[in-house]
Amino acid sequence: MSNVNISKLKGIVGDANVIDSPSEMAKYLKGQGKPAVVVLPGNTSEVSSIVKLANEQNVKLAVGGAVVDTLGITGGIAMVMSRMNQILEMDHLNLVAVVEPGLLHKEFLLKVAEAGLNFPPEPYEVETSSVGGCFAIGDSDSKSFEYGPTRTFLLGFEMVLPTGEILDIGNKCIKNVSGLDFIHFAVGSQGTFGIFTKLLVKLLPAPEAKKAVIGTFASMHKANATFNTLIKRNVHPTRMNLINASLAKTAKSGTEGQLVIIDLQGFKESGKNIANEVATVLTLGGGFDVKIIEDEVEYEQLINGWLKVRADLNAKPAQTVEFVVGPMKMPQALAQLEALTGDLGAYPGVIVEGLLGYVCLALPEGTDKLALATKLNKLAMSLGGNVKGLLGHKLKAEVYNDAEMWKQTTSLLSELRQQFDPKGILNPGVSLEA
Amino acid sequence: MLSQTVVKRLKEIVGEKNVVTDKVGLLTYGYDGTLLSGEALGVVSPQTTEQVVEVVKLMNEHNIKLVPRGAGTNESGGTIPSEESVVISFTKMTKIHEIDTENFVAVVEPGVINFDLQVELEKKKFYFPPDPSSYKASTIGGNVGECSGGPKCFKYGVTRDYILGLEVVLPNGKVIQTGGRNFQSEPGYDLTRIIVGAEGTLGLVTKVFVRIIPIPRAKKTMLAIYDKVEDASQTVADIVAAGIIPTTLELMDNLLINTTEDFTHAGIPRDAGAVLIIEVDGYPEDMDGQVKTIGEIAKTIAKEFKVAQSAVEVDQIWTSRRSAFGSVARVRPSYGVNDITVPRSNFPKAIEGVLKVAKDFGVTIGVVAHAGDGNLHPLILFDQRNKEETETVHTAEQALCMMALDLKGTISGEHGIGLVKKKYLDKEFTPAAMEAFRKVKRSFDPSNRFNPGKVIDL
Chain Z
890 MSNVNISKLK GIVGDANVID SPSEMAKYLK GQGKPAVVVL PGNTSEVSSI VKLANEQNVK
950 LAVGGAVVDT LGITGGIAMV MSRMNQILEM DHLNLVAVVE PGLLHKEFLL KVAEAGLNFP
1010 PEPYEVETSS VGGCFAIGDS DSKSFEYGPT RTFLLGFEMV LPTGEILDIG NKCIKNVSGL
1070 DFIHFAVGSQ GTFGIFTKLL VKLLPAPEAK KAVIGTFASM HKANATFNTL IKRNVHPTRM
1130 NLINASLAKT AKSGTEGQLV IIDLQGFKES GKNIANEVAT VLTLGGGFDV KIIEDEVEYE
1190 QLINGWLKVR ADLNAKPAQT VEFVVGPMKM PQALAQLEAL TGDLGAYPGV IVEGLLGYVC
1250 LALPEGTDKL ALATKLNKLA MSLGGNVKGL LGHKLKAEVY NDAEMWKQTT SLLSELRQQF
1310 DPKGILNPGV SLEA
Chain A
47 MLSQTVVKRL KEIVGEKNVV TDKVGLLTYG YDGTLLSGEA LGVVSPQTTE QVVEVVKLMN
107 EHNIKLVPRG AGTNESGGTI PSEESVVISF TKMTKIHEID TENFVAVVEP GVINFDLQVE
167 LEKKKFYFPP DPSSYKASTI GGNVGECSGG PKCFKYGVTR DYILGLEVVL PNGKVIQTGG
227 RNFQSEPGYD LTRIIVGAEG TLGLVTKVFV RIIPIPRAKK TMLAIYDKVE DASQTVADIV
287 AAGIIPTTLE LMDNLLINTT EDFTHAGIPR DAGAVLIIEV DGYPEDMDGQ VKTIGEIAKT
347 IAKEFKVAQS AVEVDQIWTS RRSAFGSVAR VRPSYGVNDI TVPRSNFPKA IEGVLKVAKD
407 FGVTIGVVAH AGDGNLHPLI LFDQRNKEET ETVHTAEQAL CMMALDLKGT ISGEHGIGLV
467 KKKYLDKEFT PAAMEAFRKV KRSFDPSNRF NPGKVIDL
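Quick note, the sequences are listed as chains Z and A, same order. Here the first sequence is numbered in the working numbering, starting from 890 and rising by one per residue. Here the second sequence is numbered in the working numbering, starting from 47 and rising by one per residue.
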């Protein structure tokens, strides 16, 4: 039984923006939960009214840009932000933009490029990711070595808190240490501290030149060895990524073998020299079909191929394990990994973001994820890293044999969440327990 | 006064010589970079995380508050023992545990002096970008506490952008680790970010995982001299519009040109309205193009533009800037420093605003600024012994803060809030934001025992 008061919701956002027929709701939803209703607010005050209503009636509510994860909101409200999709301001003098959360990430990238500017964070999912979602997830990606992780691009926001109040924070200053840093703390909180309704985003000038170097390799180990050579030579490209043979075709059709993608964004002069240096290193390292890509269309195709591979992995978090090691420790990591997984090239999916020492594995069906993650965490910890995120934190505490640390961490996380969302209304599907 | 029992226990925990309770000793820990002072009940200097834990537990048993302190160079009053409290000094936790240049991470204790870390890193051709002007004295723990900036923020950001993880002793005496050795280790919430800049109000940092990067292969330093400050601001705007991100865009006004010239004799014309120090870094082959573009931009409006041709010339240019704060002491014995920041486009208006405050209150103000960041350091010159004048200066500082907020800026770009700016915080933040800060503080420290009264009141 649902307590959702549909007529009150219609009163807030208008009849057309409340959808409660299951067939029409489907395109806005993912996951197994069965919310009673999808609601599409058009402005901040509507978002606030909906959240207040959810509190009054003690109904769970989850938020998404274009698509909402329904975990934990059966009988509750799915809020879709897609009507709030405007760029409210593009400020060239201060290199910032004010953006509504429902704007698709890919559309924002287009507009930013048209303005001659750069917004580095990669879209989490190529077609459906929104700018609000980008900061709600708040990840790092394969460009973070050069540009910094996603959070560094948020200067402020307007947010509807889980109790319905509106919080406005931040300014256009690129340097701001006033108060506690709630601005960056909110990034990555997955909508548990509140719902972004406006984002004040930092931009950069567009790079003068973009080019890429690609090459294919017979083995993951050979391919990865070239990354160590590059780091040793003090070459730090924008991206330095490796995709195993199973996934390489998705990135670039016709690829036979493991695909290396080196992205070079920066200045014309150095770009030329570095591209040549990288191409030489790849060739000497056993790469074939090594090629410098300067053509704009071909470059975009390649990067989109990479984003597609990335997005496919992002789409199934339950079937992936991510871990990080020191970037130069990657050869040992891959060797030890192969002992656990068998031939890395044939594994369902392996990607390496070389500059970050990051590996994402797509697991074969039937894998005991936790058992593998536990082994991988030990492996990673011996090489200066760990399994990513909350799960990694738990496994790390297990390795330290420090149950108290894990208990402290989770009790702090849930205390924080409780302070902001006393009734546990917002995004209940987000777990802070691992 | 601490009871004999507590003093005895403290000495057992950290060692006899690491506990200070005598009046003269306490006095020296009562100050920081501001004009404020306070007197602690005692000062303890632990050397290990375990000792920090024991001290915290002991203080909890006796309901005594703790104020963390590094070198005490902050400009916010963040380390002043303003309430009855014990100062916990981290200056004896100075180990550099690890420098791993291959994997871009260093692990240090909070008492390590920024400069000492830089020296070790430089041997391996690496560095830690945050370098506040106090870097020869200030500690990494202090930099983390205040989220310090420095002259390179335009390109490289502030301290928070280089902290990968922390070991933290919570107010209940438990130890947690936030983040780790990479970008991807935060446990659900980005606990590292909320602790950086919290001035020790949420937890005591006992270990810091910092991100280190290679020293750029090339660097070019330029100096432009202007008739008016507005002209320098124009150059800054034009450089950014040209798509160039210099590491540094430092500005000094006429007053500072003169006070530094008295000392450095660098040859900057004394009638100049402003100088701008511009620095770019990166790959050697990109330098000429950027220098050329910047030169063309600057020359349209500057009366003089030069590119440093040698390390000696670079030093000459920087000596003026580095001695700016000290040099004003030749004019008046005291100065009040501010770190108001405005959106870059409002920088010229902020300069006008500073001039207006100087006029309205009849005070002398010189300006040093990180112009690319919109971050100004108006230095108000006065004599602290003159009570009336000191009052006027405080009012003028308040006017500067309000001016920055009117220009949609912030009262703190890189120094932190501490005690000094706490009274203006609710002018910058809405009640909902202030309440969010309190929710965070309550989650970590419900009894308000860690650095009470700093940043916000519960």
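Just so you know, not all the hints are guaranteed correct.
Unchecked claim - DEER-style ranges, computed between Cβ atoms:
#: 1; chain 1: A; residue 1: E148; chain 2: Z; residue 2: K919; range: 39 to 45 angstroms
#: 2; chain 1: A; residue 1: Q444; chain 2: Z; residue 2: N1123; range: 47 to 53 angstroms
#: 3; chain 1: Z; residue 1: S1142; chain 2: A; residue 2: K349; range: 23 to 29 angstroms
#: 4; chain 1: Z; residue 1: E1322; chain 2: A; residue 2: K169; range: 41 to 47 angstroms
#: 5; chain 1: A; residue 1: S83; chain 2: Z; residue 2: Q1307; range: 37 to 43 angstroms
#: 6; chain 1: A; residue 1: S356; chain 2: Z; residue 2: L1261; range: 54 to 60 angstroms
#: 7; chain 1: Z; residue 1: L960; chain 2: A; residue 2: N494; range: 50 to 56 angstroms
#: 8; chain 1: Z; residue 1: E1322; chain 2: A; residue 2: A183; range: 40 to 46 angstroms
#: 9; chain 1: Z; residue 1: G1318; chain 2: A; residue 2: D68; range: 57 to 63 angstroms
#: 10; chain 1: A; residue 1: E148; chain 2: Z; residue 2: Q1307; range: 40 to 46 angstroms
#: 11; chain 1: A; residue 1: K63; chain 2: Z; residue 2: S1271; range: 36 to 42 angstroms
#: 12; chain 1: A; residue 1: T339; chain 2: Z; residue 2: K1121; range: 53 to 59 angstroms
Quick caveat, the hints were computed from the structure, so don't treat them as lab data. Yeah, the Cβ is synthetic: ideal placement off N, Cα and C, and Gly gets one too.
Comparing the hints with the structure gives:
1. Under the hint 39 to 45 angstroms, the C-beta atoms of E148 of chain A and K919 of chain Z, about 41 angstroms apart, fit the expected range.
2. At about 49 angstroms, the beta-carbon gap between Q444 of chain A and N1123 of chain Z stays in the expected band of 47 to 53 angstroms.
3. Separated by about 60 angstroms at the C-beta atoms, S1142 of chain Z and K349 of chain A break the suggested range of 23 to 29 angstroms.
4. E1322 of chain Z and K169 of chain A have their C-beta atoms about 44 angstroms apart, which keeps the hinted 41 to 47 angstroms range intact.
5. A hinted range of 37 to 43 angstroms holds for the C-beta pair S83 of chain A and Q1307 of chain Z, which are about 39 angstroms apart.
6. As the Cβ distance of S356 of chain A to L1261 of chain Z is approximately 57 angstroms, the hint placing it in 54 to 60 angstroms holds.
7. Checked against the given bound of 50 to 56 angstroms, the beta carbons of L960 of chain Z and N494 of chain A, roughly 37 angstroms apart, lie outside it.
8. Against the hinted window of 40 to 46 angstroms, the Cβ-Cβ separation of E1322 of chain Z and A183 of chain A comes to about 43 angstroms, which satisfies the hint.
9. The hint said 57 to 63 angstroms for the Cβ distance between G1318 of chain Z and D68 of chain A, and at roughly 58 angstroms that hint holds.
10. Here the CB-CB span from E148 of chain A to Q1307 of chain Z is close to 42 angstroms, well matched to the stated 40 to 46 angstroms.
11. K63 of chain A and S1271 of chain Z have their C-beta atoms about 39 angstroms apart, which keeps the hinted 36 to 42 angstroms range intact.
12. Look at T339 of chain A against K1121 of chain Z: about 32 angstroms separates their beta carbons, and that is not inside 53 to 59 angstroms.
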